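Chemist: Got chain A; can you put chain B on it based on the hints?
Line order of the protein sequences matches chains A and B.
The opening position of the first sequence corresponds to residue 1 in full-length UniProt numbering, with each subsequent residue numbered one higher.
The opening position of the second sequence corresponds to residue 1 in full-length UniProt numbering, with each subsequent residue numbered one higher.
Hints may contain errors.
Below, a list of computed lysine-lysine pairs in the DSBU-like style, where the Cα atoms sit at most 30 angstroms apart [stated by the list, open to error]:
(1) A:K144 x A:K356
(2) A:K449 x A:K12
(3) B:K144 x B:K114
(4) B:K449 x A:K449
(5) A:K470 x B:K470
(6) A:K470 x B:K356
(7) A:K356 x A:K310
(8) A:K470 x A:K356
(9) B:K470 x A:K356
Because the hints were derived from the structure by calculation, they are not lab data.
In this text, all values refer to a predicted model and were calculated from it rather than measured experimentally.
Protein chains: 2
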Amino acid sequence: MTDSYAQEIHPKHSYAPIRAGGLEVPETAISLDDSPSGPNEPFRTYRTRGPWAQPEEGLPALRSTWIAERGDVEEYTGRQRNLLDDGTRAAKRGSASEEWRGARRNPLRAHPGKRVTQMHYARRGEISPEMEFVALREHCDVEKVRSQVAAGRAIIPNNVNHPESEPMIIGNAFLTKINANIGNSAVTSSIREEVDKLRWATRWGADTVMDLSTGNDIHTTREWIIRNSPVPIGTVPIYQALEKVGGIAEDLTWEVFRDTVIEQCEQGVDYMTIHAGVRLPFVPLTTRRVTGIVSRGGSIMAGWCLAHHKESFLYENFDELCEIFAAYDVAFSLGDGLRPGSVADANDAAQFAELKTIGELCHRAWDFDVQVMIEGPGHVPLDMIQINNDKEAEWCGGAPFYTLGPLVTDIAPGYDHITSAIGAANIAAGGTAMLCYVTPKEHLGLPNKDDVKTGVITYKIAAHAADVAKGHPGARDWDDAMSKARFEFRWEDQFALSLDPDTARAYHDETLPAEPAKTAHFCSMCGPKFCSMRISQDIRDEFGDTIESLGMPTVDAVLGEQHMAHVFREHGSQVYLPE
Amino acid sequence: MTDSYAQEIHPKHSYAPIRAGGLEVPETAISLDDSPSGPNEPFRTYRTRGPWAQPEEGLPALRSTWIAERGDVEEYTGRQRNLLDDGTRAAKRGSASEEWRGARRNPLRAHPGKRVTQMHYARRGEISPEMEFVALREHCDVEKVRSQVAAGRAIIPNNVNHPESEPMIIGNAFLTKINANIGNSAVTSSIREEVDKLRWATRWGADTVMDLSTGNDIHTTREWIIRNSPVPIGTVPIYQALEKVGGIAEDLTWEVFRDTVIEQCEQGVDYMTIHAGVRLPFVPLTTRRVTGIVSRGGSIMAGWCLAHHKESFLYENFDELCEIFAAYDVAFSLGDGLRPGSVADANDAAQFAELKTIGELCHRAWDFDVQVMIEGPGHVPLDMIQINNDKEAEWCGGAPFYTLGPLVTDIAPGYDHITSAIGAANIAAGGTAMLCYVTPKEHLGLPNKDDVKTGVITYKIAAHAADVAKGHPGARDWDDAMSKARFEFRWEDQFALSLDPDTARAYHDETLPAEPAKTAHFCSMCGPKFCSMRISQDIRDEFGDTIESLGMPTVDAVLGEQHMAHVFREHGSQVYLPE
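Next up, chain A with everything else stripped away, as it sits in the complex:
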């Protein structure tokens, strides 16, 4: 199994970590062929090192000593697993369908009265190894990391019980991140398949993974996933809580929910979606919607509130949740239980009433030094996207925004990775920090491995397009390396630099399979006589010197317009004057 997950996605990729201050921060170096003008430096990209272990064994505990050395956690026996944690089938059988047999550590939690969150350290002015790790990954100053985390504008989701994870940061000032959802449902899929999807998603670039299992073996599936995950794992604990009460929303209680949260804190979940903004008075706002409530967690909580005619137990007990999260460093992902499920319902009163409430909860969590991100829509037409960023920034104090798409139209089931990537690129360019992927199966079924890959690649596109649009330092270097390789017909470099080398190569080879075509100065789009790239190269080769010697006035002089300075920022030097 390991072989098929060799980390390198192309032979020109190699593991080339940054080593500094005793840390080893994974990066990939992509070796490049020579240009006509000389050799090219390897191109370096952000990467997650894992997964590389045998799934049965799990990953090494990278952060254990960092956590221990802070001296603020205690080991304890923890809550015993109850077979009902894995659902009724496991309870009957006396075991999950495939038990976790790798290492088991006792859980850690904060010493009584202590807080062990990255936000806590950051606010006290302390630089943690996690922050240093992140700063090296992001190629920025560690003080930027610390101050952004302290201000709540970025989070480093790192449960003390998930020491296997490689620290990463989510915030508008950093690279845009993407999340991949996996997880079984009552209808389909097994534990091994989910671990497989985790590894697969991470291999292609998922920055975090959410385990949204709702079927059998929930506890044990999560154990396998966390022990094998080099990226933060998120969950929606209400799903498991509902399983524990036989799927009847009315039967949920704060006690069952709290028990589930602690169970997951002890396992090492790094962030949890909590739909505490779905308050009783907001439920009526959804009844005239075209698609009502589409969030599973949101509909469960709405059902509960109405059945009991009571305020949400999540809202009522929010402070206790904060205390729990502060003891493990679990981050809130404040769930948008009332997100729109159709463009008709976008930006409506239900959605924004919840968002405003989430903003209040966010500030309350910060009082406990608990890290927070804010979930966002959903389905939103292109012209109504930016106000979501603006309202989130205003009401939630700049906490990282984490959106699902949004889909900009409802008419293309089977292609909702695309309808949503359009919205995702836009919302990320406008300030959203992390994008939850949408796969081609959205609205139709559970994603398989191919869908997971398609979703991840599509969202890497959206995230990177946003980074380029935001002018994130260094983001465009990747595009430029690709375009230079393209112009110089370095086909192998084009494959190696692409998000998905396998597909790029396969498409190329479909029409020009022969090996010499990899060095040919044309492709089958135009054929050998017509290649514009080659003609263009010829023009440069033949006339470049003559042209340079003509002398070139500035672009501003050419078109004489002040505001063109921005447009031409990349070309602000000298060009030849058209008459």
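Modeler: The following block gives chain B in isolation, referenced to the frame of chain A:
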């Protein structure tokens, strides 16, 4: 062959034309199942009727009588086909690889001194049957069509020698259109395959098709395509002209080019890409680019200009081209030969110098009553897109903008339908009238049939997302019909309403293949116990009446913010007040 092209893409679709004023304008009616609240009207969508004929016979000549009744054209023998029109191989063999054997009409052209363009009629205040047809298709007043065409803000590309075409309109005030490129290259593909791609592209929703063949049998491939095309056909005549001079750009002459243009006018090409904005002084602006000149036509003309140290023969002879186009009603698609081929080159001096020149040429063409659209980029980062619409509108007097994507990042070969759909949706929302599709094979090879379909569906998404964002009348009805079907678990209606029913159904069936699942109130994403849609429906059913009776204040009162009125425009009535 006909069967596999049955026009209806789902059994719930039927041909349901609008009949008015002696015209029959194709539309599709999609029958819908009943809602719990009662029956649903069939949903009607824009459609192209053809292709439905045997490819060997071609389509009926819908517009022949309209053209004849205007009395402003003459039939003439026309230019004789020269076997070199089909390339050197055909010339040697004495025939194209598969001759066109269907009906051959003598070509038509304007009586000497007449102009037969839709713009000419519109400017004289005349309403043509083409305009009436278009107004019915677009559900708008015919005076809107006439005035937009008269002002140059929209075009109806309808060569008098392509009477098979169903009139359609391209302009920012109308539905956003998409173009699919097909065409062989020297390396691959046959005449039949290209006809097949035409029919396939049209079936999935291409509004126009460009035949970009550069290989053998250019003339005859085009004959097959035009005779079978219910949509306007565009070409880039410089490709064929170059074939006629053995592929050597320097050997091109105005005479060879002019002869090629007339050949194509007589065949019935509806619009032609003319790279007359690639002027000698602009060529040096490209030498410092990362990717030089990536337009084939642009590089040919740049090569010619430099080789001869002369101004472009297209620029020099532009008035004569206008006279020719006015005699057949061929529209200009003024080509962006200097469009950026990488995000690094976006919005640079070369690109905008050419666009400004194209603006001048556009106004010259209008002096001859010739219809014009303007081609646009290419590769442009998300934050640099809108200025392209703005400059085009300013310099080109509001002529329809027709862009290729643009791609918002360069790093994802194999997924450039997606990188470009992100840009396409944005540029169309900002004013672009027609989007040229990009397939997954872009930068890698020639698209096959699957790629053509993927490209078309992806661009239907981008175009529709833009129409929704622009608030185009009725655009969102489609989304709402889909979302209502989704909320009510009308699975067959969801498939029927989707852009690609086959894929939607296949994905659904992958996890829930049994027929009863089509009426099940859940899908495999969540399984039967967890479906939020169903829970939401239950909430509405159980509590709807109670909730309504509580009385609801306005949204403005809830959040008390002036500018939310726009955001909540769809919900501006009444909602329940959160505390």
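Chemist: For every hint, state whether the structure bears it out.
Modeler: Hint check results:
Only pairs whose Cα atoms come within 30 angstroms are accepted, and K144 of chain A paired with K356 of chain A is accepted, the gap being roughly 28 angstroms. As the CA atoms of K449 of chain A and K12 of chain A are separated by approximately 24 angstroms, the hinted pair is consistent with the 30 angstroms bound. For the hint linking K144 of chain B to K114 of chain B, the alpha-carbon distance of about 25 angstroms falls within 30 angstroms, and the restraint holds. Restraint check for K449 of chain B and K449 of chain A: satisfied, since their Cα atoms lie roughly 25 angstroms apart, inside the 30 angstroms limit.
A threshold of 30 angstroms between alpha carbons decides the hint, and for K470 of chain A with K470 of chain B the separation of about 24 angstroms falls inside it, so the pair holds. This hinted pair checks out: K470 of chain A and K356 of chain B have alpha carbons roughly 28 angstroms apart, not beyond 30 angstroms. At most 30 angstroms may separate the alpha-carbon atoms for a hinted pair to count; K356 of chain A and K310 of chain A meet this at roughly 20 angstroms. The hinted pair formed by K470 of chain A and K356 of chain A meets the criterion: a straight-line CA distance of about 26 angstroms does not exceed 30 angstroms.
A distance of roughly 28 angstroms separates the Cα atoms of K470 of chain B and K356 of chain A; the hinted pair therefore holds under the 30 angstroms criterion.
When held up to the earlier numbered hints, the structure conflicts with none and fits them all.
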